[in-house]
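Chemist: Residue numbers (this note's numbering), protein chains in the order written: chain B, 1 to 281; chain L, 282 to 568.
Just so you know, not all the hints are guaranteed correct.
Each pair of labels, with its calculated beta carbon distance range [to be verified]:
1. 552(L) - 210(B): 39 to 47 Å
2. 317(L) - 138(B): 46 to 54 Å
3. 42(B) - 323(L): 54 to 62 Å
Over the 12 Å line for every Cβ pair with chain L, so calculated as not near, a few chain B residues [unchecked claim]:
4. 26
5. 85
6. 90
7. 101
8. 117
9. 146
10. 242
11. 271
Going by beta-carbon spacing under 8 Å, a handful of chain B positions derived as facing chain L [said to hold, decoys possible]:
12. 79
13. 81
14. 100
15. 103
16. 105
17. 107
18. 109
19. 111
20. 113
21. 114
22. 115
23. 124
24. 125
25. 127
26. 128
27. 129
Everything labelled a hint here was simulated from the structure, so no lab data went into it.
Think of the CB as a built atom: it goes at the ideal place given N, C-alpha and C, for glycine as much as any other residue.
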Amino acid sequence: MSEIDQPDGANMTQLVKDKTADSGPEPAVRIQDVAVRFRSKKRDVTALTDVSLDVTPGEFVAIVGPSGCGKSTLLKLVAGLLKSSSGQVRLQGEQVAGPRHDIGYVFQRAALLEWRSALKNILLQAEIRKLPAAQARARADELIRMTGLEGFEDALPHELSGGMQQRVALCRALLHRPPVLLMDEPFGALDALTREQMNVELHRIWRETGTTVLLVTHSIAEAVYLADRVVVMSPRPGTIQEIIQVDLPAERDYAETMGRAEFRDATTHIRGLLGTAAEDD
Amino acid sequence: MSQSALSSAPVKTAGVALRESPSARERFTDAAEKSWRPVALLLACFVAWWVIAALELVEPYLVPSPGKTFEVIVDKPDYLWQHSWVTTYETLIGFVVAVAIGVFAAVIMVYSSTVEKTLYPILLFAQVVPKIAIAPLFVVWLGFGMAPKIVIAVLIAFFPVVISMVTGLKAVDPEMLQLSSTMGAKPWQTFVKIRFPASLPHLFSGLKVAVTLAVTGAVVGEFVGANEGLGYVILQANGNLDTPMLFAGLLVMSLIGVVLFVIVEIAEKLLLPWHASRRESGVTTAF
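So here's chain B without its partners, still in its complex pose (with noise of 0.2 Å):
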């Protein structure tokens, strides 16, 4: 185990290996001594090892991490989209084997339909779930309404701006509330202001939905206003260096948090530990 330096170790429960000896909640995402080998012709590459987290329901946990940590590959072993070669990942209680339903998954690309009308982007989750038509479409203007793609439901992918189509994106994930909403560095493709609106308008939405959020980010301010604790990753092989726990209010007002001190702390010491591999922030 390398993650032993925890500044708050009393409200995590993610040394707890005995399921039966935990007598909390269960928590949204537990991953257990998780690692992941991938076998090519020429070698074996270890993308994680020894990675265990445990994530309480209605959380934010940022993860950050130089490019080949294999912050992606923990979001997809969370998801089902991948399969963890040893260890254990469970979500909402029950072990994953497959792709789980259960959770919102956005991409640092849109993946939008562009045969699609955003508002039909946003319904695709509903038709492929066989949602109720009325029940989905009263969610979808919900979440325009929240995101602010009012006036924008007509329009096809390729005319909305990477933002909007992002917001689709989300929209998308959250369509049929989801207890998990994964997110793999949704905010990397756009420039530095459009970045600072969305991370404004995520931190509302999560304060709204109350949605259990793992974000992957290459962004450490993004990911100290954002989140109650960042895990910061080491790369070759991908493990976990340090999980910080966050110490500011649970609603943040963007520019104050910015100007805290417990905000420049917290990002000068994840830099500190990211060395020059972190990308901008």
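Given the coordinates of chain B, work out where chain L should sit on it, guided by the hints.
Modeler: Okay, now just chain L, sitting in the frame of chain B:
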């Protein structure tokens, strides 16, 4: 896609942006801008033909004047119309069958790697065999009717359909497929809602090639053995050294190809307005 959308500099107001779509007027001037050069070149060729014929630079029985050629078309409309219709009919049936078989073959190849590994190399090999060379064989097998012409049209048009459809089905964004599996999509749902529509732009670029090849296939079939169709008209005219009729046949045949091509293009615009408008806005390049 998001990257390309970003790079074309959308109008931004507080992170909210909607790209302007071109007005009808702009689209018209755009089309005129694009097409005047080829049209001018065609006209130049036509004028050159006229000059060569009028000055009798070449013997008239070798190159008839445009006037003579049109005279033939105007004089014998029923004759040309009847044979054109035969060729068009063979072409259309051949094209439709090629599309049906091609799309079906592409789908099973994409969904079963065993089928792909078995079929794909054979398809590639079959493409190497000059199908025109086996046309006489089909006449022996199927007689002088329309059947051998349709079969040759199918054989020639089939290949671009399969290749473009396989490319299209495989070009689907893998993240989109992962997303659909987190939605719990059944394979048929993924196919109907994501894979098939996503492959259509590729399919249509194959269809445009296939439809013109189908005309070639039908005419080649008629060359080998027929008593009707434009291929037959051209052979007859050739035998009688009736070059005006030969040129008329060629002209009508080209016209059929152009019209069919345009019909496919219009169908593409109607069925895939999202793709057409995206292409026009210059965000993407055609396959």
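Chemist: Now tell me if each hint is right for this structure.
Modeler: To see whether the hints hold, each was checked on the structure:
no.	hint	result
1	552(L) - 210(B): 39 to 47 Å	holds, 43 Å
2	317(L) - 138(B): 46 to 54 Å	holds, 52 Å
3	42(B) - 323(L): 54 to 62 Å	holds, 56 Å
4	26	holds, 21 Å
5	85	holds, 20 Å
6	90	holds, 17 Å
7	101	violated, 4 Å
8	117	violated, 9 Å
9	146	holds, 14 Å
10	242	holds, 30 Å
11	271	holds, 27 Å
12	79	holds, 6 Å
13	81	holds, 5 Å
14	100	holds, 7 Å
15	103	holds, 6 Å
16	105	holds, 5 Å
17	107	holds, 5 Å
18	109	holds, 5 Å
19	111	holds, 4 Å
20	113	holds, 7 Å
21	114	holds, 5 Å
22	115	holds, 4 Å
23	124	holds, 7 Å
24	125	holds, 6 Å
25	127	holds, 7 Å
26	128	holds, 4 Å
27	129	holds, 6 Å
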